[in-house]
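Q: Spelled out from the first residue to the last, the chains are:
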Amino acid sequence: MFDALSDRFDGIFKRLKGKGRLGDADIDEVLREIRVALLEADVNVRVARNMVGRIRERCTAEELSKSLTPAQQVVKIVHEELIETLGGETMKITYASKPPTVVLMAGLQGAGKTTATGKLARWFKQQGRNPLLVGADLQRPAAVDQLRTLAGQIDVPVFSEPTDPVEVAAAGLAEARRLGRDVVIVDTAGRLGIDAEMMDQVRRISDAVEPHYTFLVVDAMTGQDAVNVAESFHETLELDGVILSKLDSDARGGAALSVKEVVGKPIAFASTGEKLEDFDQFHPDRLAGRILGMGDMLTLIEKAEEAYETDQAEAAAAKLLEGQFTLDDFLEQMQQLKKMGPLQNLMGMLPGMPKEMKDAEIDDREIARVEAIIKSMTPEERAKPELVDGSRRTRIANGSGTQPNQVAQLLKQFKEVQSVMKRMGGGMGMPGVPGRSKKGKKGKKGKKGGRVTPKGPATPRFDPDDPLGLGQLEDLQLPGRGPKLN
Amino acid sequence: MPELLILIALLVVVAGTAAFVVTTRRRRGPELEPPPERGIAPTTEVPDTVPPELVEEVEAEAATEAPPTLGAPPRLRDRLGKARSALGGYLGGILGRSGIDEETWEDLEEALLRADVGVATTTTMLDHLRERVAAEGITEPADLLVALKEELVAQVGAYDTSMRLEADEGRVPVWLIVGVNGAGKTTTIGKLSARQAAEGRSVLVAAGDTFRAAAAEQLETWAERTGADYVRGAEGGDPSSVIFDGIQRAKSRSHDLVLADTAGRLHSKVNLMEELSKVRRVADREPGQVVETLLVIDATTGQNGLAQAKQFAEAAEVTGVVLTKLDGSARGGIVVSIQAELGIPVKLAGVGETVEDLIDFDATEFVEALFADD
Ligand SMILES: Nc1nc2c(ncn2[C@@H]2O[C@H](COP(=O)(O)OP(=O)(O)OP(=O)(O)O)[C@@H](O)[C@H]2O)c(=O)[nH]1
Ligand SMILES: Nc1nc2c(ncn2[C@@H]2O[C@H](COP(=O)(O)OP(=O)(O)O)[C@@H](O)[C@H]2O)c(=O)[nH]1
Ligand SMILES: [Mg+2]
Ligand SMILES: [Mg+2]
Numbered sequence: 001m002f003d004a005l006s007d008r009f010d011g012i013f014k015r016l017k018g019k020g021r022l023g024d025a026d027i028d029e030v031l032r033e034i035r036v037a038l039l040e041a042d043v044n045v046r047v048a049r050n051m052v053g054r055i056r057e058r059c060t061a062e063e064l065s066k067s068l069t070p071a072q073q074v075v076k077i078v079h080e081e082l083i084e085t086l087g088g089e090t091m092k093i094t095y096a097s098k099p100p101t102v103v104l105m106a107g108l109q110g111a112g113k114t115t116a117t118g119k120l121a122r123w124f125k126q127q128g129r130n131p132l133l134v135g136a137d138l139q140r141p142a143a144v145d146q147l148r149t150l151a152g153q154i155d156v157p158v159f160s161e162p163t164d165p166v167e168v169a170a171a172g173l174a175e176a177r178r179l180g181r182d183v184v185i186v187d188t189a190g191r192l193g194i195d196a197e198m199m200d201q202v203r204r205i206s207d208a209v210e211p212h213y214t215f216l217v218v219d220a221m222t223g224q225d226a227v228n229v230a231e232s233f234h235e236t237l238e239l240d241g242v243i244l245s246k247l248d249s250d251a252r253g254g255a256a257l258s259v260k261e262v263v264g265k266p267i268a269f270a271s272t273g274e275k276l277e278d279f280d281q282f283h284p285d286r287l288a289g290r291i292l293g294m295g296d297m298l299t300l301i302e303k304a305e306e307a308y309e310t311d312q313a314e315a316a317a318a319k320l321l322e323g324q325f326t327l328d329d330f331l332e333q334m335q336q337l338k339k340m341g342p343l344q345n346l347m348g349m350l351p352g353m354p355k356e357m358k359d360a361e362i363d364d365r366e367i368a369r370v371e372a373i374i375k376s377m378t379p380e381e382r383a384k385p386e387l388v389d390g391s392r393r394t395r396i397a398n399g400s401g402t403q404p405n406q407v408a409q410l411l412k413q414f415k416e417v418q419s420v421m422k423r424m425g426g427g428m429g430m431p432g433v434p435g436r437s438k439k440g441k442k443g444k445k446g447k448k449g450g451r452v453t454p455k456g457p458a459t460p461r462f463d464p465d466d467p468l469g470l471g472q473l474e475d476l477q478l479p480g481r482g483p484k485l486n
Numbered sequence: 487m488p489e490l491l492i493l494i495a496l497l498v499v500v501a502g503t504a505a506f507v508v509t510t511r512r513r514r515g516p517e518l519e520p521p522p523e524r525g526i527a528p529t530t531e532v533p534d535t536v537p538p539e540l541v542e543e544v545e546a547e548a549a550t551e552a553p554p555t556l557g558a559p560p561r562l563r564d565r566l567g568k569a570r571s572a573l574g575g576y577l578g579g580i581l582g583r584s585g586i587d588e589e590t591w592e593d594l595e596e597a598l599l600r601a602d603v604g605v606a607t608t609t610t611m612l613d614h615l616r617e618r619v620a621a622e623g624i625t626e627p628a629d630l631l632v633a634l635k636e637e638l639v640a641q642v643g644a645y646d647t648s649m650r651l652e653a654d655e656g657r658v659p660v661w662l663i664v665g666v667n668g669a670g671k672t673t674t675i676g677k678l679s680a681r682q683a684a685e686g687r688s689v690l691v692a693a694g695d696t697f698r699a700a701a702a703e704q705l706e707t708w709a710e711r712t713g714a715d716y717v718r719g720a721e722g723g724d725p726s727s728v729i730f731d732g733i734q735r736a737k738s739r740s741h742d743l744v745l746a747d748t749a750g751r752l753h754s755k756v757n758l759m760e761e762l763s764k765v766r767r768v769a770d771r772e773p774g775q776v777v778e779t780l781l782v783i784d785a786t787t788g789q790n791g792l793a794q795a796k797q798f799a800e801a802a803e804v805t806g807v808v809l810t811k812l813d814g815s816a817r818g819g820i821v822v823s824i825q826a827e828l829g830i831p832v833k834l835a836g837v838g839e840t841v842e843d844l845i846d847f848d849a850t851e852f853v854e855a856l857f858a859d860d
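From first to last, the protein sequence lines stand for chains A and B. Here the numbering used here is used: the first residue of the first sequence is 1, the next is one more, and so on. Here the numbering used here is used: the first residue of the second sequence is 487, the next is one more, and so on.
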């Protein structure tokens, strides 16, 4: 649904081809596209405007390097600007010299505070700490039950009593001291930034426990309102950081940028699922690429993880690259892939995918036909497609409700795939083994690297030499970039 | 179509490799006891009988509390009164100008974008408005604003917002409540239950969220508060079974309506959406009949709301949207896009956390509130 920012530029830069420098009008046009991309990612209108202003300055002021195309340079500038805004480094959590270290959780209704409280407790536990959770949400039905259940999963104590949220928070802190717990996390009820009474309550909770860290939990799917929310909570509580929840959604997460811009404090943690282990410290570069819609390898990985038997997937990939892939394997893999969602969406997540391929309409009926044909073949035929002669072809066509020439075409194409993959595999070595870092090999783009994704898929850092991540595809030797695909 | 096969092969390679690399990475580091796994094995089969042992029945003490009487439902305008005064800010700027110029259009665009209407829908609306301005010779900013509001009201108000209560002869009507995590599904059920009780119907609520910690307890509280009958299952149990059991109980006790809660799920999670399709199929089987599937959308949701509506509609045949948390500073403009693109009506709005805070969606008031200043 969303076009990657780089796609947006395609048309513009095609017209500019040959020009070494962008004129003012060109820059205007490019900046308009950047604005739209940011808005579609839910970056606040105001924040987007400031950001576009800064990008404009850099576009006009910066020396254009000869090694990059204008498109690459602009994307690079935008990407850098995003990372700068999001904060370059992960937040360092330090501990109070006089324990316990107190953490206060705040946010809108349903943002993910209680879950994040449990997750944070798990995280502290992993750091060797002994947290105590305080259930100060006495408003939502069963909120304390929810917290107790989560805490039970990680064997962490909970304190709460049906009195008053401020009292509970204060008593919870005393309880932690009594028990010698060194971290206290206070979960609070969800509240609206415009609800004066409730905002006053959370201020009093804060005054009662004097937190070392106050975190605002923000749903990654939030839209323009993120700015208002951040402003009101920051004004009331002086936030120390933000926890971004539900990043496992397919939202672009531009709200994070808005919040960061308003609060000026780092996004400390990101939550990526409903389970307590789906939580980690935040990596800004990861989100910058996502906001820009540059291939979202991470989402792809996460989907793959969910849908795949991993060992089997890795084996399949290896087989494919060695050219020892049968139609049976192919069928199986196709079915696995379908579990990850519509193929069209997956395609969009591949970084640097050429536009023609991204836009290639993948018709589900087409896929169904491929499946039907393969399923109508005998196991023997699937292993050795060359066995399929005229009469077998007719039988398969009848069995799958297709035409004999469609069967022939499929088999021919499969052979083609095998040889393409084999060629690719030859250049890649063993897949799955993360390759060497690209750092220090600048200017060697297009060379067959030792990996499918540069630097391992976990943190696809921005490569100034390759802002579009095209090197990754060149590594893959996509047929579309060599001999014309058709 | 060689592209197709090559693309699939490519995806296999990338996904396979990625999964491998990630697993290796994850294996490092200490692991704590994992909580119960979420999700079903993606089967498409629906069991013909619901295993009774999965469902542990809980008798609600329906009689202990009298069904609540609800006062007149609050109006959106009253709720927003404190927070916003209509027509300030950029719209004030528009009205302050003597004519319609480029800046006027920019201000209108910004107003719509800030309400989360989204770039595409905003552009379409304003393009259409420009045509109207030319055709009708509109020159006054005030008239322009009226025209825009008319367009918006026509867009969001063009649907039947009534809620179905009748099922076929001998079947129990079911309202299925769906949506992403934290949208307000369970609370909405509490409000709906109160409202139906106030209208004299007997309601059963089924705790179809067997996943989230204490979700059943949360719903139970609402059942008690609203005097509804209540069925829950074991934590981690099969949601279809719980709901089916609730329907059977409602049938035997001649309740008028079943409100079925479901676990929050992201629309992008394929197996959870498959689970939801199954829940709907089972709930729609005799003696039940799903007459409404309500998608709950949080007004703070940004552009992702459109994808949510698309996927939920596909998986569960959504019949209407409940727009919650409109009492906050968010405008919920994404529903304009949802209606423009998918034609799903917004039927109800949530304006607070008590049973009284549910109102029928009113297009005119919604549009006024879109532009109100905060
Ligand atoms: N998919 C996904 N769901 C999440 C994530 N974090 C929280 N949730 C879910 O979102 C819903 C709301 O989370 P809660 O932790 O109850 O949110 P809260 O802010 O405490 O909500 P209130 O106390 O009701 O204001 C629950 O269904 C959680 O399981 C996340 O990172 N990803
Ligand atoms: N202010 C406000 N809060 C709401 C509204 N609807 C639900 N909530 C709150 O949002 C949070 C999540 O609601 P819940 O019903 O648990 O969501 P679910 O996860 O979708 O079932 C709870 O804290 C509710 O009290 C609403 O219309 N306005
Ligand atoms: Mg909570
Ligand atoms: Mg719920």
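In case anyone wonders, no lab produced these hints; they're calculated from the structure. A portion of the hints provided could be inaccurate.
Partial list, derived from the structure: chain A residues whose beta carbon lies under 7 Å from chain B [what the hints assert, rightly or not]:
1. Gly110
2. Met198
3. Ala251
4. Leu331
Below are the SDA-like pairs computed for lysine to any residue, each with C-alpha atoms no more than 25 Å apart in a straight line [said to hold, decoys possible]:
5. A/Lys265 / A/Leu411
6. A/Lys98 / A/Glu84
7. A/Lys339 / B/Lys635
8. A/Lys375 / B/Asn757
9. B/Lys635 / A/Thr402
10. B/Lys796 / A/Met334
11. B/Lys796 / A/Arg365
12. A/Lys98 / A/Glu81
13. B/Lys796 / A/Val36
14. A/Lys275 / A/Pro157
15. A/Lys422 / A/Lys275
16. A/Lys338 / B/Lys635
17. A/Lys338 / A/His283
18. A/Lys275 / A/Gly264
19. A/Lys384 / A/His283
20. B/Lys796 / A/Asn50
21. B/Lys737 / B/Ser763
22. A/Lys339 / B/Glu760
23. B/Lys635 / A/Lys265
24. A/Lys275 / B/Val756
25. A/Lys375 / B/Glu760
26. A/Lys339 / B/Lys833
27. A/Lys338 / B/Glu800
28. A/Lys375 / B/Val756
29. A/Lys275 / B/Ala826
30. B/Lys833 / B/Ala653
31. A/Lys384 / A/Lys412
32. A/Lys338 / B/Ala793
33. A/Lys125 / A/Glu84
34. A/Lys339 / B/Glu803
35. B/Lys635 / B/Ala653
36. A/Lys339 / B/His614
37. A/Lys338 / B/Ala799
38. B/Lys796 / B/Pro773
39. A/Lys422 / A/Leu411
40. A/Lys339 / B/Lys737
By construction, the Cβ of each residue, glycine as well, lies at the ideal position given by its N, Cα and C atoms.
Q: Against each hint, give a clear statement of whether it holds in the structure.
A: Results for each hint:
1. Gly110: holds (3 Å)
2. Met198: For A/Met198, the interface hint is violated, since the closest Cβ of chain B sits about 10 Å away, which is over 7 Å.
3. Ala251: Check passed: Cβ of A/Ala251 comes within 4 Å of chain B, closer than 7 Å.
4. Leu331: violated (10 Å)
5. A/Lys265 / A/Leu411: This hinted pair is violated, its Cα atoms lying about 57 Å apart.
6. A/Lys98 / A/Glu84: Violated, at about 34 Å.
7. A/Lys339 / B/Lys635: violated (43 Å)
8. A/Lys375 / B/Asn757: holds (24 Å)
9. B/Lys635 / A/Thr402: violated (53 Å)
10. B/Lys796 / A/Met334: Answer holds: B/Lys796 to A/Met334 is near 24 Å, not above 25 Å.
11. B/Lys796 / A/Arg365: holds (20 Å)
12. A/Lys98 / A/Glu81: Status violated; Cα separation ~39 Å.
13. B/Lys796 / A/Val36: holds (22 Å)
14. A/Lys275 / A/Pro157: Holds. A/Lys275 to A/Pro157 sits at ~19 Å (cutoff 25 Å).
15. A/Lys422 / A/Lys275: violated (39 Å)
16. A/Lys338 / B/Lys635: violated (43 Å)
17. A/Lys338 / A/His283: violated (29 Å)
18. A/Lys275 / A/Gly264: violated (29 Å)
19. A/Lys384 / A/His283: violated (48 Å)
20. B/Lys796 / A/Asn50: Roughly 32 Å between the alpha carbons, so the hint for B/Lys796 and A/Asn50 is violated.
21. B/Lys737 / B/Ser763: Judged against 25 Å, a Cα distance of about 22 Å means the pair holds.
22. A/Lys339 / B/Glu760: Cα-Cα ~10 Å, so holds.
23. B/Lys635 / A/Lys265: Violated. B/Lys635 to A/Lys265 sits at ~39 Å, over the 25 Å cutoff.
24. A/Lys275 / B/Val756: With Cα atoms ~17 Å apart, A/Lys275 and B/Val756 stay inside 25 Å; holds.
25. A/Lys375 / B/Glu760: Since the Cα atoms of A/Lys375 and B/Glu760 sit roughly 24 Å apart, the hinted pair holds (cutoff 25 Å).
26. A/Lys339 / B/Lys833: It is violated: about 33 Å lies between the C-alpha atoms, which goes past 25 Å.
27. A/Lys338 / B/Glu800: holds (16 Å)
28. A/Lys375 / B/Val756: Satisfied, since the Cα-Cα distance of roughly 24 Å is no more than 25 Å.
29. A/Lys275 / B/Ala826: Roughly 35 Å between the alpha carbons, so the hint for A/Lys275 and B/Ala826 is violated.
30. B/Lys833 / B/Ala653: holds (19 Å)
31. A/Lys384 / A/Lys412: The hint holds at about 13 Å.
32. A/Lys338 / B/Ala793: holds (18 Å)
33. A/Lys125 / A/Glu84: Roughly 31 Å between the alpha carbons, so the hint for A/Lys125 and A/Glu84 is violated.
34. A/Lys339 / B/Glu803: holds (20 Å)
35. B/Lys635 / B/Ala653: Distance ~37 Å between B/Lys635 and B/Ala653 Cα, so the pair is violated.
36. A/Lys339 / B/His614: Violated: A/Lys339 and B/His614 sit about 40 Å apart, past 25 Å.
37. A/Lys338 / B/Ala799: Cα-Cα ~19 Å, so holds.
38. B/Lys796 / B/Pro773: This hinted pair is violated, its Cα atoms lying about 29 Å apart.
39. A/Lys422 / A/Leu411: holds (16 Å)
40. A/Lys339 / B/Lys737: violated (37 Å)
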